[in-house]
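From first to last, the protein sequence lines are chains A and B. Residues 1 to 546, numbered by the working numbering, are exactly what the first sequence covers, in order. Residues 1 to 559, numbered by the working numbering, are exactly what the second sequence covers, in order.
Warning: the hint list may mix true and false statements.
Pairwise CB distance ranges (calculated) [stated by the list, open to error]:
(1) A:S368 with B:S136: 54 to 60 Å
(2) B:G133 with A:E95: 26 to 32 Å
(3) A:F92 with B:A507: 57 to 63 Å
(4) A:K56 with B:T519: 55 to 61 Å
(5) A:F92 with B:G133: 52 to 58 Å
(6) B:L96 with A:K56: 56 to 62 Å
(7) B:T519 with A:E61: 47 to 53 Å
(8) A:K505 with B:H85: 27 to 33 Å
(9) B:P522 with A:S482: 55 to 61 Å
(10) B:A127 with A:E95: 56 to 62 Å
(11) B:T519 with A:P58: 34 to 40 Å
No lab work stands behind these hints: they were computed from the structure. As the structure is a computational prediction, the values presented were derived from the model and not from experiment. Where is the CB? At the ideal position from N, CA and C, for every residue including glycine.
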Amino acid sequence: MKSVTKNIKNKTNKDAARFSLWNFWIAALMLKLLLIPDYFSTDFDVHRNWLAITNKLPLREWYYENTSQWTLDYPPFFAYFEWFLSQFVPKFVKEDGCLDILPEGEFGWSTIVFQRLTVIISEILLFVVLQVFINNSGSNEKTQSFVVASSIILSPGFLMIDHIHFQYNGFLFGILIASIVAAKNKRYLLCGLFYSIALCFKHIFLYLAPCYFVFLLRAYVLNFQDFKFKSYKDLILVVQWGNLMKLGGIVVCVMGVCFGPFWRDMNQLLSRLFPFSRGLTHAYWAPNFWAIYSFVDKMLSILFVRVPFNKFINLDKIEERKRWNNGSRGLVEDVFFVILPQIQPNLTFVLTLFYQVLAVVPVLFDPSFKRFIGSLTLCGFASFLFGWHVHEKAILLVIIPFSFLVVCDRRLLSSFMLVGSAGYVSLFPLLFKGQDFLLKCLYLIVWCIIYFFAFRKTIKLSSSVQRRVFFLDRLTIIYIFSLFLMVILIEMIDLFKNRFVVLQKFEFLGLMVYSVYCSLGIISSWIGLSWLYNFDEPLWMPKGGV
Amino acid sequence: MSSKKKLLKKQQKPGEEEAFYASPLFDFLYPFRPVGSQWLTEYVIIIFAIIIRCAISLGSYSGKGTPPMFGDFEAQRHWMEITQHLPISKWYWFDLQYWGLDYPPFTAYHSYFFGKLGSFFNPDWFALNSSRGYESDDNGLKTYMRFTVILSEAVFYIPAVVYFTKWLGKHRNQSPIGQFIAAAAILFQPSLMLIDHGHFQYNSVMLGLTVYAINNLLDEFYGPAAICFVLSLCFKQMALYYSPIFFGYLLSKSLVHPSCNISRFIIVAISTVVSFVVMFGPIYLFGSSSSDDEIIADVSGLNNLIQCIRRIFPFARGIFEDKVANFWCVTNVVIKYRELFTQEQLQFYSLVATLIGFLPSMITIFLYPRKFLIPYALAACSMSFFLFSFQVHEKSILLPLMPITLLYTSTDWNVLSLVCWINNVALFTLWPLLRKDGLVLQYFVCYFLSNWLIGNFSFITPKFLPSFLTPGPSISNIDDDYRRGSLLPHNILWKIIIISSYIVMGAVQILDLFFQPPTNYPDLWIILNCTVGFGCFMLFWLWNNYKIIQMRNKTLNDL
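Whole structure, please, built from the sequences with the hints as guidance.
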């Protein structure tokens with residue numbers, strides 16, 4: 001005790017907090033190690049298969065190999081990454097069957113440990129990037145940056161998707177966040193570089209492309225400083241050709257390195273990356289606009305059969321469509337609407353693009369970091385809500401950029417709380433096993449408690465606080481509480497299904513309630529954010545709305 | 001300046017009184033210093049404690065996939081099976097060869113409750129006879145059983161510990177964050193977590209009830225204290241290890257100290273007797289039955305009661321069962337007791353040795369019934385039972401470990417160091433058991449985690465890494481140059497002992513992990529393990545007794 005006292009007395013600097021993520025990393029690491037024996041999804045075998053393909057086959061055959069149904073459908077950088085990982089497979093793991101190309105993997109404990117460890121180790125990139133982000137932020141915003149960074153690294157999303165379900169999102173989002181951090185520090189070339197690398201790792205980031213394109217164009221390539229329109233010739237001077245060359249060069253180089261080796265097999269590669277044969281929604285509806293659409297259709301189809309509308313609607317046709325729907329479930333996972341009009345891929349594409357353009361236009365006028373990150377979040381939202389065959393995991397594309405945005409203003413917080421809680425809860429059906437139930441619930445609850453409070457504490461109150469709508473804040477809290485209530489109720493139904501056979505009929509109902517209720521939260525969050533983004537000027541002023 | 005920092009600034013300088021200053025726990029809980037967020041801390045700690053238990057419980061359990069006898073998991077499941085399907089009169093008689101019930105009635109009632117609840121979800125789990133060694137692909141039974149342990153612990157153990165640390169903190173004017181750090185350090189005790197949630201047992205119920213009893217003593221509610229302790233005793237007879245101290249303390253408080261208080265004596269006596277009667281009553285009342293079964297003869301209520309007690313105290317078994325780090329097992333290497341003495345002689349000797357062992361602590365607590373002495377006395381007393389008594393399991397180390405771990409509330413660096421040391425030694429002695437259960441990963445993770453959290457590795461972190469990562473404490477305002485030292489006593493002799501014991505433990509661990517034992521001595525590594533453990537426990541026990549006598553006239557603030 002004496003030595004402690006002595007040392008404390010030497011202490012001079014009271015605000016010496018260093019905001020290091022080191023302790024968080026260790027604590028999270030311990031938890032992740034304990035999760036190694038936990039359930040993993042088919043994605044585990046998918047990635048194991050890719051390890052095997054990239055290791056055993058020559059490069060040209062990577063995108064043709066189809067022994068297993070889990071064909072390689074990530075862009076080449078990820079394939080290179082798998083190849084890189086496969087170089088480190090120790091001998092006894094190889095003997096365990098880690099690198100065998102089989103229709104279905106046969107592997108044991110050592111393969112599991114190896115693959116889980118690759119996730120844990122590759123995720124270090126995320127920590128490093130976020131640490132750089134904290135270190136580069138000004139001394140007056142360090143606390144905020146730390147809260148943002150730690151909320152991301154401890155995110156239940158990464159814990160559930162990466163460390164239980166099995167994927168490499170921590171690593172991939174590390175690259176994306178690197179580009180966000182570069183944008184914050186006005187290093188536009190780096191921003192472009194990291195984004196194109198991230199894109200070549202995981203093509204889902206393509207959804208964010210409009211935002212990056214416009215932002216880099218406006219902030220780096222175009223210069224309206226001394227722009228005075230005299231004739232159209234002046235427009236040429238607006239473009240900073242040198243910058244354009246540099247940026248374009250970097251992007252083309254990255255793409256070249258990525259896709260170059262496959263130039264002859266481009267068609268095959270693209271058909272793997274963009275399989276349009278899939279349906280509008282997944283078996284479990286991702287909580288987006290289409291979930292509500294499908295739900296309304298379902299309700300209407302029940303209603304119409306009961307209510308005598310026969311005059312207007314051909315019942316036989318409904319029955320036929322219903323039968324068709326039931327027969328196909330599980331095979332193509334295509335949803336066929338009974339009452340409402342069918343949705344074509346083009347429509348989803350147009351809708352997504354429309355809302356993305358709406359989000360991107362303000363960046364064209366004001367290429368500040370705040371605007372950029374706002375439009376990034378909204379692009380994520382648009383693609384998640386209206387995209388074709390959206391996976392519930394894509395919600396990270398919204399939540400992660402949003403975490404950087406939310407520290408700007410207190411009024412964004414309720415919107416963030418909505419999408420944070422609803423988005424993560426919507427991931428729960430991924431881990432359907434009973435053994436994870438307590439863990440995932442408690443982890444999400446504690447994350448919500450800590451970070452919602454931490455954000456509330458650290459985010460500045462804006463001058464426009466009078467315009468907050470307290471009613472909506474209360475509603476948000478009620479929504480979040482009933483979210484947990486819903487989770488428990490549905491788990492109860494699941495528990496008792498062995499006991500009461502009636503409940504087995506409602507198995508799909510549970511998932512439906514999940515996606516409909518979560519989508520309500522996510523859509524409201526989107527509306528709230530869009531409102532603030534488009535109609536609240538003070539928030540987007542340079543100095544934090546003051 | 002952000003509002004959070006402003007709030008931080010208002011707080012007084014991080015206290016010199018903070019025992020775990022600059023440890024990762026301190027670092028994590030530092031943001032909760034503002035008065036407004038203190039109420040939150042408790043829940044955050046508890047939730048994290050449960051999360052880590054959930055994560056451990058994903059692992060294997062004792063006797064998984066090893067027919068025909070399986071292990072402790074199967075024993076507990078089997079009791080849930082028989083208690084709900086058989087009348088009370090057969091609980092202590094049914095198929096004794098296959099995990100016959102050998103714990104006191106409260107365990108049986110507890111099993112009955114959870115058995116009934118589990119059968120509601122899935123009757124197959126606890127179907128009579130047909131469910132032996134039940135395992136399924138969806139892990140339904142395992143999940144349920146794990147859940148019952150977590151629930152039991154959340155009801156019986158966690159609130160008790162949190163209350164204990166808060167009580168001490170309040171009465172010593174400790175900062176709230178200090179109390180919570182102590183609570184977290186106690187809740188993250190690795191041995192109990194691994195045995196209960198990994199190996200599978202319900203020790204936390206017994207230990208938690210004892211902590212409730214201690215809390216009641218602290219609050220001077222003597223009747224409830226007696227009730228809690230009797231319940232603890234009726235959950236697992238192992239709580240007897242604590243009984244001399246409770247007996248001495250209650251007796252002294254009601255008869256001698258400060259003066260004779262007959263009404264208090266009567267209250268304690270009545271509550272003790274009544275709770276025993278309530279616990280054992282059903283065994284007697286519903287114990288008589290006439291049976292058609294030939295194996296199970298007719299039993300009267302009294303017979304049933306006697307059988308119950310006979311099952312609880314199995315004197316027919318040997319002096320020690322598996323390898324355990326106590327006096328008999330370790331000296332057995334040199335002196336073959338089983339060949340030299342008969343069973344009765346051994347029973348007598350061990351009784352005498354135990355008696356001599358716990359008398360100093362019992363006499364001291366009788367003469368000086370002070371609140372802050374209770375954990376010390378309980379530790380010394382239960383440790384002497386562990387070291388010298390008859391039929392000790394390696395898991396019994398949890399009993400001395402509980403009051404020892406409660407001493408994490410102390411502010412004395414030397415005490416903390418020894419507590420931490422003995423926790424590490426105890427976990428080390430559990431290694432053979434945990435390895436057998438397939439909990440190697442969990443063992444190492446918990447070992448590291450518990451030590452790291454209380455700051456034993458804080459000295460390492462900064463030097464190994466590039467400076468741009470700015471390793472070290474994250475949020476708290478600890479000075480750049482400040483490094484928290486590991487928990488080691490100031491006394492140079494103790495330092496040498498502890499460090500050399502760590503080195504030996506590390507060596508044995510490495511031997512055990514990577515080398516086959518010589519064929520003549522297949523148990524060599526385990527015996528080495530026990531010997532090291534025994535030496536350390538013995539030293540700690542001596543120190544503990546010395547400490548009790550030395551501290552007898554101190555006050556609560558010196559704890």
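Okay, the hints, checked on the actual structure:
The hinted range of 54 to 60 Å is satisfied by S368 of chain A and S136 of chain B, whose Cβ atoms lie roughly 57 Å apart. In this structure the hint that G133 of chain B and E95 of chain A lie 26 to 32 Å apart at CB holds, the actual value being about 31 Å. Distance hint for F92 of chain A and A507 of chain B: a CB-CB separation of about 25 Å, inconsistent with the stated range 57 to 63 Å. Between K56 of chain A and T519 of chain B the beta carbons are some 42 Å apart, a value that contradicts the proposed interval 55 to 61 Å.
At roughly 31 Å, the beta carbons of F92 of chain A and G133 of chain B sit outside the given window of 52 to 58 Å. In this structure the hint that L96 of chain B and K56 of chain A lie 56 to 62 Å apart at CB holds, the actual value being about 57 Å. Between T519 of chain B and E61 of chain A the CB atoms are about 51 Å apart, so this pair conforms to the stated range of 47 to 53 Å. A beta carbon spacing of about 31 Å between K505 of chain A and H85 of chain B agrees with the range 27 to 33 Å that was offered as a hint.
Judged by the Cβ atoms, the range 55 to 61 Å given for P522 of chain B and S482 of chain A holds: they are separated by roughly 60 Å. Between A127 of chain B and E95 of chain A the Cβ separation comes to about 41 Å, which falls outside the hinted range of 56 to 62 Å. Range check, T519 of chain B to P58 of chain A: Cβ separation about 50 Å, and the 34 to 40 Å hint is violated.
Checked against the numbered hints given earlier, this structure breaks hints 3, 4, 5, 10, 11; the rest are met.
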